[in-house]
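K.L.:
Got chain A sorted already, so can you dock chain B onto it with the hints?
Going down the list, the sequences are from chains A and B.
Numbering of the first sequence is given in the numbering used here, commencing with residue 2 and proceeding in unit increments.
Numbering of the second sequence is given in the numbering used here, commencing with residue 262 and proceeding in unit increments.
These are computed hints drawn from the structure, not numbers from a lab.
Please note that a few of the clues may not be correct.
Reference listing, derived: stretches of chain A covered by chain B, where coverage requires no fewer than 3 residues with Cβ under 8 Å from a Cβ of chain B [what the hints assert, rightly or not]: (1) 213 to 226; (2) 261 to 273.
Computed footprint of chain A on chain B; a stretch qualifies when at least three of its residues, placed anywhere within it, have a C-beta under 8 Å from a C-beta of chain A [said to hold, decoys possible]: (3) 491 to 504; (4) 549 to 563.
Which residues of chain B face chain A? A partial, calculated answer using Cβ under 10 Å [unchecked claim]: (5) 280; (6) 406; (7) 516.
Every residue, glycine too, gets a C-beta built ideally from N, C-alpha and C.
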Amino acid sequence: MARQKPLGTFGAVILFIFGVAALFGTDFNIAGATIVPGFSPYAPQTTEISNKLKAPTLDHPFGTDDLGRDVFSRVVSGARAAMIIGFAATGLGLLAGSIIGMVCAYAGGRADLIIQRVMDGIMSLPPLILLLVLVTVLEPSQITVILVLIVLITPAASRVIRGSTLVIKELTYVEAAKSSGATPTRIMWRHIFPNVVAPILVLASVLIGATITTEAALSFLGLGAHSAEHPTWGFMLNEAVVRGSLAKLWWMSIMPGVAITLTVLAFNLLGDALRDILDPRLRGTGAGA
Amino acid sequence: MARYTLRRTGAAIIVLLIMSFVAFMLINLAPGNALLAQIATSGSIGATTNSEQLALFEKELGLDRPVLERYGDWLWNALQGDLGKSLVNRDSVSKRIGQRLPTSIELLVIGSIVAGLAVPLGVMSAVRHGGKLDYSSRVFAILGLAIPNFFIGVIVILIFSRWFNLSLPTVPPAEIWEDPVVNLQKVIAPGLVLGVALIATVMRMARSSSLEVLNEDYVRTARAKGLRERVIVMRHVVRNSMIPIITIYGNQFAFFLGGAVIIEQLFLVPGIGEMTITAINQRDYPLVMGATFVLGTVVVFTNLVVDLSYGLIDPRIRYG
Numbered sequence: 002m003a004r005q006k007p008l009g010t011f012g013a014v015i016l017f018i019f020g021v022a023a024l025f026g027t028d029f030n031i032a033g034a035t036i037v038p039g040f041s042p043y044a045p046q047t048t049e050i051s052n053k054l055k056a057p058t059l060d061h062p063f064g065t066d067d068l069g070r071d072v073f074s075r076v077v078s079g080a081r082a083a084m085i086i087g088f089a090a091t092g093l094g095l096l097a098g099s100i101i102g103m104v105c106a107y108a109g110g111r112a113d114l115i116i117q118r119v120m121d122g123i124m125s126l127p128p129l130i131l132l133l134v135l136v137t138v139l140e141p142s143q144i145t146v147i148l149v150l151i152v153l154i155t156p157a158a159s160r161v162i163r164g165s166t167l168v169i170k171e172l173t174y175v176e177a178a179k180s181s182g183a184t185p186t187r188i189m190w191r192h193i194f195p196n197v198v199a200p201i202l203v204l205a206s207v208l209i210g211a212t213i214t215t216e217a218a219l220s221f222l223g224l225g226a227h228s229a230e231h232p233t234w235g236f237m238l239n240e241a242v243v244r245g246s247l248a249k250l251w252w253m254s255i256m257p258g259v260a261i262t263l264t265v266l267a268f269n270l271l272g273d274a275l276r277d278i279l280d281p282r283l284r285g286t287g288a289g290a
Numbered sequence: 262m263a264r265y266t267l268r269r270t271g272a273a274i275i276v277l278l279i280m281s282f283v284a285f286m287l288i289n290l291a292p293g294n295a296l297l298a299q300i301a302t303s304g305s306i307g308a309t310t311n312s313e314q315l316a317l318f319e320k321e322l323g324l325d326r327p328v329l330e331r332y333g334d335w336l337w338n339a340l341q342g343d344l345g346k347s348l349v350n351r352d353s354v355s356k357r358i359g360q361r362l363p364t365s366i367e368l369l370v371i372g373s374i375v376a377g378l379a380v381p382l383g384v385m386s387a388v389r390h391g392g393k394l395d396y397s398s399r400v401f402a403i404l405g406l407a408i409p410n411f412f413i414g415v416i417v418i419l420i421f422s423r424w425f426n427l428s429l430p431t432v433p434p435a436e437i438w439e440d441p442v443v444n445l446q447k448v449i450a451p452g453l454v455l456g457v458a459l460i461a462t463v464m465r466m467a468r469s470s471s472l473e474v475l476n477e478d479y480v481r482t483a484r485a486k487g488l489r490e491r492v493i494v495m496r497h498v499v500r501n502s503m504i505p506i507i508t509i510y511g512n513q514f515a516f517f518l519g520g521a522v523i524i525e526q527l528f529l530v531p532g533i534g535e536m537t538i539t540a541i542n543q544r545d546y547p548l549v550m551g552a553t554f555v556l557g558t559v560v561v562f563t564n565l566v567v568d569l570s571y572g573l574i575d576p577r578i579r580y581g
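For reference, chain A alone in the conformation it holds in the complex (with noise of 0.2 Å):
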């Protein structure tokens, strides 16, 4: 496995690692009390304003910025909200396309016609213009975030699986169900979902990286989930470019810039053999990306 798609593996390395830093790395709270103390050597939002502005040491990694606070406890921190907000959208918009596409495609007929257009509506809205006016009249926190992100990723996700389920619909074994006298709720779940389960793999994978990517852009205009406790990458580079001297005070940017590259580059490599091995008509033409 690993000697045949060593792209592949190398993201999975690269993403395990993350995995830990967003699970292990900053302090588990719940209601106040750490429930499990994370790794990272500083809280993220500790300030130690003698240590301000000290390029990467041994105490301190990745340095510190503008307040005395350690970088690299940041950007650890930053992994666990970079994770929420790609996992947790990327799913729930998945879910929600998937159900969209699946009825549009299997209903047919005006709902499917009117469901579409209302999607090609959205769609034809440039994403980030979309998600700065929903960000700002519901104000700006993790969980606004997370939704206007799902309204971006459902047109796009009920698009491709509503295309799979109207080639599976006129397959044989769905005809046999439906005169077997299975419900459509039954045909969906039972005959149609399993098979359009690659297809929602493979979006997943680009989609999560698309997702974190969009997350940072929002969060580096200052409009995203970010907030003192739980600093998210893109904010740092806000941060960066804002208040700190981009020249002098390279780890600033640089740190943040480079853990969301990593993510996103390990992703995209992840979706890329995943799509290989779940999806052998798609392999080596590069589409998707």
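P.N.:
Just chain B, lined up with the frame of chain A:
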């Protein structure tokens, strides 16, 4: 062709209508109404607003009427080129957008030209399939797809200020027809960054579609009759691999525009993106609605042009 153009244009207009309706509803039906946000940010009235004054403001802004009626009005005025007035300074929204749009278009044009340079790179990579150039350009593409454009921008600024001691030109904005040098100074760097961010996508597409064409029978025929490789590539491969490349450009255009918004913000370019973000921060809903509509129109229009260009590039394509 004429019938197809007409039908496709009609479809684009319907998409525009739906898009404007979706945008209007999202902006106007969201919790926390525009009026309260406006009062809170303008500070023109103290914290204690009496209901009489509120009603007066509501009437003045037309917010007391049903939302569908307001959309109808907005659409009627928009069709006549009037996108309303800014809540912040009562400027005409159409005029503000008109001032900002040319700079953004310059940015998009520079970016597109840079991204277009990826086409020969992708074709070369396909022709030398498996070679050193192919390998390195694929590694570059995989990396390029992962780097967000604003991080590229940050790196560019960082490198230039750290090692070349250059900073962003802090010149006053000027239109390109007034002072081309000053104007280009402002947009050239962000335009380059915007284009570089798209290179990876375009290159990948150019490579895979050229690879496909290279396996076609007519390429084998061309080789068999002894044409030089250069001629084969120029005349047979490039021309036939243009359709998917142009399609991907159309598909990517909305994201490209989103990228321009961020890059404008980072490089302080006075374009429509920077204006939109300011408007969003000030809760200037008419301006946000106008900008969203104009940007959406640009996307729909670009995709229309892309669709119509197929027939020009590939004479085999005939529309029924």
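K.L.:
Decide, hint by hint, whether the structure agrees.
P.N.:
Structure-based check of all given hints:
1. Look at the segment 213 to 226 of chain A against chain B: 6 of its residues bring a Cβ nearer than 8 Å to a Cβ of that chain, three or more, so the hint holds.
2. Proximity of the segment 261 to 273 of chain A to chain B, defined as three or more residues with a beta carbon under 8 Å from a beta carbon of that chain, is established by the 7 residues found.
3. Only residues whose beta carbon comes within less than 8 Å of a beta carbon in chain A count, and the segment 491 to 504 of chain B has 0; fewer than three means the coverage is violated.
4. For the segment 549 to 563 of chain B, the stated coverage by chain A holds: 7 residues have a C-beta nearer than 8 Å to a C-beta of that chain, and at least 3 were required.
5. A least Cβ separation of about 5 Å between residue 280 of chain B and chain A falls short of the 10 Å threshold, and the interface hint therefore holds.
6. Because the smallest distance between the Cβ of residue 406 of chain B and any Cβ of chain A comes to about 6 Å, under 10 Å, the interface hint for this residue holds.
7. Hint on residue 516 of chain B holds. Least Cβ distance to chain A is approximately 7 Å, under the 10 Å limit.
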